[in-house]
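K.L.:
Chains A and B, in that order, are what the protein sequence lines are. Here the UniProt record's numbering is used: the first residue of the first sequence is 1, the next is one more, and so on. Here the UniProt record's numbering is used: the first residue of the second sequence is 1, the next is one more, and so on.
Hints should not be assumed to be uniformly reliable.
Computed list of lysine to aspartate or glutamate pairs in EDC-like fashion (alpha-carbon distance at most 20 Å, straight line) [stated by the list, open to error]: (1) B:Lys377 / A:Glu29; (2) A:Lys176 / A:Glu129; (3) B:Lys377 / A:Glu88; (4) A:Lys92 / A:Glu135; (5) A:Lys159 / A:Asp109; (6) A:Lys47 / A:Glu88; (7) A:Lys36 / A:Glu26; (8) B:Lys206 / B:Glu177; (9) A:Lys8 / B:Asp403; (10) A:Lys36 / B:Glu398; (11) A:Lys36 / B:Glu177; (12) B:Lys315 / B:Asp296; (13) A:Lys96 / A:Asp109; (14) A:Lys96 / A:Glu84; (15) A:Lys92 / A:Asp109; (16) B:Lys408 / A:Glu37; (17) B:Lys315 / B:Asp278; (18) B:Lys306 / B:Glu290.
Listed below are several chain B residues computed to face chain A (Cβ distance under 8 Å; list not exhaustive) [claimed, not checked]: (19) Ala166; (20) Leu169; (21) Glu331; (22) Phe334; (23) Ala335; (24) Val346; (25) Ser376; (26) Val384; (27) Asn394; (28) Phe396; (29) Pro397; (30) Ile412; (31) Ala415; (32) Ala419.
Derived from the structure by calculation, the hints contain no laboratory data. Positions of the beta carbon are idealized from the N, C-alpha and C atoms, including for glycine.
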Amino acid sequence: MQRLGDFKLPAFFNYPPYFTLQLVRETREKQVQLWKELILDYCRTQKIFVIGLEEEFPLFSNLVIERSLSNEAREAFLSALVSEGRAEWLDKGHRKCLILWHRIQDWADLILSFVKENGLEDSVMTVEEIRSGIESRGTELQGMDRTVLMRALKVLENKGKLAIFKGTSADDEGVKFSI
Amino acid sequence: MGDIFTVASVTSSGRPVLVENEVECNLLSNVDLEPEDGTANSFVALKSGVLILTTHRLLWLSSAKAVGIPLSSITHIFSSKRSIKSVFHSPRFRFQVSAAVITVVVRGKGDWEVFLTKLWECWRARAWEETTTSVVVSRESTSSGSGMGSGGFYGSDGSVRMVGVAGILRKEQQMWESTDKSLQDAFQDLNALMNKAKEMVLLAEKMRQKLLSTSNSTNQDEMGSKEEMQDWLLSVGIASPVTKESAGALYHQQLSSQLADFVRIPLERAGGMISLIDIYCLFNRARGTELISPEDLFQACSLWEKFDVPVMLRKFDSGVMVIQNKAHSDEEVFARLRTLVATPEVIRTGISASDAAMTLGIAPAMAKEHLLTAESKGFLCRDVSPDGFRFYVNLFPEISPNDLHLVKDHGIYGAWIRAASVSGID
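The shape of chain B in the complex, shown without the other chains (with noise of 0.2 Å):
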């Protein structure tokens, strides 16, 4: 079997780990993939799994294999016979892969004709044979334009080749007009903006090579933009999202699993705890067109449950609601607070909901949840002024009440007394 099959790789929650430009088409839920009778090239049969087909492969994952088949290696997709065998069995359809036929049993109750029409057009679209071509035209066009090539004034396609300034700037100036004319393509209707879409995948993916390559040359202004814009262009990416299109009945599932993958780099980013609503921007972005609503994010969240991934979502008291790391626990933001808050700056002004956000890193609605968290352990007090609400460290635990006068030379309260005399309000 190990001919026609090769192994996939998965995420922790279960996923499938696309290669480059590959984007999930359709998906049916438990599918048997069996072995035609007869045939020599015979495996053992696959039972109950999820079919996923993409532009590259078909897939079949359960909880303990993950198997693929790349649509290269398909020979035949046999034309489902109605006959009136089928009208008693499950629906089924049969491809061949070299010398073996696979029989793909349907018993979920996903749409298996769309499936079976999305298989015929990703097979004959032949994705993966555009991948392999692309990159070569662009190493061709890479080594010309730096001018390292072969030397001769004419081109691989015969056109008279320019060199020196004059040539870079010709070269320069194409790109931009093929750039405009995919931009503006683009945005000629939402079907062609579709089409597009994995073009534009790679003109981003072109740009940031652009920009690392001249990083290191440019003076220092240009530097923060494009380090930004590096970052953005990679924020930029779920080449292959899950749609209610393609997934269907299972598509809160998938995409829980999807957002459970995606939220585990800006969450470490935010220090282990992100709200809702940032992830839900993030998560939106990244996805591009099919975009998910408000109500789908926060099923697929709650959805976290009963899976085993390694974050949650939490509510607070006041309604605020994040995700966070399992791992994550609030005994380290609150050291992270301790510190900050023990610093004499902060000692002598307070601290605001968006001071701790800022320095801690995290959204100021959080940063206020901790900081009320903080306040109830007793280790905060507040002050509600004209300026508005801040937060210092309570010294009322350190205060004798049989002496006003007393002050401890070790402890806060004899840090307050010095950090605030500095300032002269003494």
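Okay, chain A solo, but in the shape it has when bound (with noise of 0.2 Å):
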């Protein structure tokens, strides 16, 4: 089986047609579907955020069956993503799409429960403690964008559940829980 790194590739993957956009519309809605689910699996487990069109992405192209998508597709396939609230793009231009393997709300669930396991529930953390503090460590927590983590804290902070309070850079934004 073919990898990427430690991901495994499906098999389909080596099929020539699935890096070519398919014109006839029940076969590219099945496509469409088929590039949605990996791109979610690759991110997810490799912690990737941002995906750039006009950089290399690993899964946009095949070297074994030398094939690579076309801009049109890479952008059709993260503009499905987007309208399904699984993406965002970063830009007006659609150069640079935030892909959200959880949702941000999902986002907001895990980062409440990373509270009450680890008995945070009125204390002060920084953001950055948050990302990469002893206790995020082997958590979905860990190495997550900055940006996303700062979107979940405030849909957090509208429901009361935290205050989020600024300090004299961004590094030390500081956070203090109140479930």
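Assembling the complex is the task here: the two chains are given apart, and the hints tell you how they should meet.
P.N.:
Structure below.
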């Protein structure tokens, strides 16, 4: 079985038509669906949050069969993710895409359970600590994208579960939990 | 009336079947054949048919009936009298067949005077006699050439006959010389070429016979080229093309019928469908000198809708135009395509339009149309790469989006994985 690093690729990754945007509607719908699943799968295991359309992205080309996705195809597959709420364009030109293998709401729930498990219900943490502190090591929060984290925290703040306060620089933004 | 007329056979699309060496010369539409008043050997008048003049016969065809009068049986053609009466009548002329006098009444718009002139020419040319004599001559020459005829050193014309190898060589030499001469004569000018056309057809026929007789003995290498040559000779050969000159206003209609007869064989060979361009080339090659324009071909094909012929003109969405058998169905090609695409080799590498064309024995443009149709039905899908445009069996419906790694043992997805792993991709 072919691999990308420690990621196990499905068999159809070597199927040449998989890399050509199909024209027939039904075939194309299925193709788009398979690409959506594969992109989310890959990003989840590799902890990838942002895909740049103009940068090299391992999934988008297959050296073994010498095929790679056209820009049109890349944008089509990512747009399909965006329309499902599993991704967001970071710019108007659709050059960078934020992949949400957990939706923002799911991330918020993950943070909540993390806080409860570690008995941090009334404590204060910096944002940076949540991403890379000792407590988060080995959890899904480790190495999390800062943009995504901030948006999840905002959701919790709106629900009154925590308060975000600013320090002197971006690095020491703090969070006061009140669950 | 049985004495005067012979039954003429016609093709399925209503064109007359000509005998060997017979060439169509002219044609008049909407013609009546009437018996002369008071002649003993009378017959029932034939109303409004097409009168066709060939080098051998006069043919009268209507939708219900087809009869012929051998030119050899015509004993007299009356010169047409110009009288006051003829100003009010439809034009008419008369000729005599044994005891009966037949009046031809031309109700259509054709140029009857030209027709009458041609009738004179053909009647006097006595083409039917030439055929019989040439057959006799060729028989004689083959018997003496093969050395199996009556022995003796003197030929029928009194010249010393060479025997053995020298004889064969001289015979060959003579044949080459005469062949060479007729080729040279033929290319003198176009008029001469037209006159030679029949001879050329005869020559082609002779060459074919010769090829057939020697093909058994010679070595394998030559066989291929000989078969090719034979094919090629066979495809030369509408001896009597319908021309604008001979058919006038009925040109497209007659051409349409002739074309319908002609396409039958190439169509069979091409698997029931053939592109208009291919037919254009084949048809014009068969016609030899009386070439038709692409526009005429298209007109003739378009007319098929109005007649009961077994072929039809079809236009694909992409604009490609083809001729196909009415009986021919896309389903059949689709089924052949389905088997083709399911072979392990094709499952692995996919198929291009030219591959499909070669395997199915059809033109690449047509193969592409069939492949695109199969794609639109969801049976194939495309692969566009620097290597070209290929089609693969559509695996997408077989793959489960919930478990990307799930492969059912049965089914085409599994077959593809097995085929792909053979090549070492995996």
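K.L.:
So which hints don't hold here, by number, going up?
P.N.:
As far as the earlier hints go, 3, 4, 11, 13, 15, 18, 19, 20, 21, 22, 23, 24, 30, 31, 32 are violated by this structure, in ascending order.
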